[in-house]
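Quick mapping for you: the protein sequence lines, in order, are chains F and V.
The working numbering puts the first residue of the first sequence at 2, with every later residue one more than the last.
The working numbering puts the first residue of the second sequence at 2, with every later residue one more than the last.
FYI, nobody ran anything at the bench for these hints, they're computed from the structure.
Careful, some of the hints might be misleading.
[As the list claims (entries may be wrong)] Some, not all, of what chain F presents toward chain V, calculated at C-beta under 7 Å:
1. 52
2. 71
3. 72
4. 73
5. 82
6. 85
7. 89
8. 148
9. 321
10. 323
11. 326
Beta carbons: idealized from backbone N, C-alpha and C, even for Gly.
Number of protein chains: 2
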Amino acid sequence: MFKISSLVSAVFLIGSVSVASAWEALPNKAPAPADNPTTAEKVTLGQILYHDPRLSSTGTVSCASCHNTMLGGEDNRPNSMGVNGQTGGRSAPTVWNSAFNTVQFWDGRAASLEEQAAGPVTNPIEMGMKSWDDVVTRLKSIEGYQGLFEKAFGKNSISKDNATKAIAAYERTLITPNSPYDKYVKGNKKALTDQQIKGMEKFAESGCGSCHSGPAFNGPGTYQKFPVISSGFFAAKYKITKDLGREEVTKNSADAHMWKVPTLRNIALTAPYFHNGSVKSLDVAVKMMAKLQMGKELSDQETSDIVAFLNALTGEFPKQKMPVLPGTPGSTFN
Amino acid sequence: MFKISSLVSAVFLIGSVSVASAWEALPNKAPAPADNPTTAEKVTLGQILYHDPRLSSTGTVSCASCHNTMLGGEDNRPNSMGVNGQTGGRSAPTVWNSAFNTVQFWDGRAASLEEQAAGPVTNPIEMGMKSWDDVVTRLKSIEGYQGLFEKAFGKNSISKDNATKAIAAYERTLITPNSPYDKYVKGNKKALTDQQIKGMEKFAESGCGSCHSGPAFNGPGTYQKFPVISSGFFAAKYKITKDLGREEVTKNSADAHMWKVPTLRNIALTAPYFHNGSVKSLDVAVKMMAKLQMGKELSDQETSDIVAFLNALTGEFPKQKMPVLPGTPGSTFN
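Work out the full structure, taking the sequences as your base and the hints as a guide.
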């Protein structure tokens with residue numbers, strides 16, 4: 002079970018779902034690590050950095066370009082497009098509720114949001130900066146950042162460490178509670194339609210919850226093998242086994258095709274699906290998961306019930322102010 | 002003189018500036034055309050469309066990508082980067098206060114904000130959509146747009162005409178009043194520093210105001226020749242005459258090197274400068290304008306005074322809510 006020790010998650014046994022499952026509502030707040038407590042000043046700075054395209058070599062790509070905070074927290078593309086129109090091999094995971102992931106990136110190669118935030122900035126096909134030293138130099142050249150970092154971290158504090166801490170602090174505010182599902186498990190029996198309740202039951206019954214459980218539907222384990230059954234139509238058509246997943250990081254063949262279990266929160270908004278973004282529709286994704294993970298054939302009706310349930314995982318997006326980025330002062334680096 | 006008939010512009014004669022000039026503060030509101038009165042519903046929809054990257058072929062480029070509403074209204078690049086990393090030949094003009102331009106685009110090829118908004122979407126190197134029919138089809142496929150258009154324009158109203166009207170209505174709210182200059186001309190003598198007042202005087206004395214006058218510093222005439230003096234160091238170094246400007250539209254050689262006079266509002270934030278974005282710093286831009294337009298050599302001191310004055314044209318950016326775009330529903334077009 003996914004545990005947030007400092008928060009009491011609402012755990013309910015829903016009478017109308019026949020399989021006894023622990024259904025948990027999403028907490029309104031995400032836990033922060035001891036060395037990076039969330040403060041309003043960090044969140045303000047982090048929101049600005051997150052949306053600043055000047056953190057990329059071309060000045061065109063910000064964190065938000067691929068993890069869009071005005072949409073489902075990603076870009077609805079199979080693979081994201083970084084600087085100079087380059088694309089990588091994996092689909093951008095959503096930033097919404099990423100604070101509830103135990104590890105970050107599809108292959109879990111970052112242990113925290115702070116560590117994750119450092120990665121894309123210097124990835125040559127993502128944001129393309131040569132080094133974090135260059136990023137820091139650039140941030141220092143933008144006058145307004147001095148004061149913003151000072152408020153968040155004290156004097157002369159522009160650094161990689163603080164920039165990534167601020168971005169992570171901001172990301173911890175990107176939580177989408179109060180989905181119809183959350184309202185339902187908190188006791189509002191009218192929050193789900195009959196079909197959604199049927200889908201919820203089918204979801205549990207089919208075993209989806211053995212990997213997708215907990216408040217963010219991304220636990221209990223951190224990693225799972227995907228696909229479990231690697232033969233057949235779906236795996237071939239969507240080239241599911243081409244990417245080795247976690248083995249690419251650990252170089253350990255036992256980690257072949259092991260992936261971080263992605264959250265199902267707001268899944269209806271984040272097509273296309275899977276690590277390679279190969280599947281355009283949620284219906285196909287659901288059928289495929291049943292087949293490749295559990296060897297089950299779902300009927301069209303069962304699939305559409307589960308999809309109805311997954312649509313109930315779309316939460317309320319927090320109201321945000323549009324950040325005003327500190328201006329590029331009278332000369333430019335592009 | 003740039004005239005806004007429905008608004009009374011504040012016109013002052015500033016005692017401390019020796020050249021008698023009509024200095025005008027920026028109005029808080031922009032005039033709207035009779036066939037597109039500004040409404041809250043249009044502005045809401047327009048803000049969403051303006052920030053929606055799904056209006057581009059790759060799903061990565063929105064109006065805001067090149068005309069960034071979190072920054073100086075453009076992208077601080079010599080040339081903008083459109084879909085698939087392509088770049089064009091001209092520098093993105095700022096969207097801030099573009100409502101006060103008599104024509105749009107560097108070459109004035111659009112007569113209104115509505116007409117302008119239609120252009121980049123189907124430009125192959127900007128947003129790359131094949132046709133507006135395709136754009137409308139895509140907007141119709143995104144469920145949430147139906148209701149947003151309905152509120153703004155009535156039932157079943159998703160169309161090119163209404164999309165561009167909404168974007169234009171939003172752009173008319175992107176006004177940056179209350180710059181130090183505005184406060185000064187409204188009577189607050191302390192709003193400008195001594196150097197800025199000296200620069201203001203030098204600006205008038207040097208003749209800058211013969212093209213850059215009116216509240217947005219982009220009148221009185223719509224077009225001006227640039228460069229007036231096409232020989233010499235600056236024109237050669239920065240390849241100023243390579244682009245024919247308005248002649249490219251009219252095919253009339255009398256329009257060679259004629260350009261829409263760009264606003265100087267927020268100019269300190271919009272480096273690099275000129276139609277080709279060839280000049281990185283405002284200091285060089287000011288020296289170059291004096292030389293190429295009036296045959297004048299400005300001293301370093303005069304230049305720095307004028308730059309100080311231009312910095313006083315940075316206004317207050319309106320507080321905006323971050324738009325929440327209607328979600329891509331369970332399948333994707335990329």
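Could you tell me which of the numbered hints above are not met by this structure, giving the numbers in increasing order? 7 and 8
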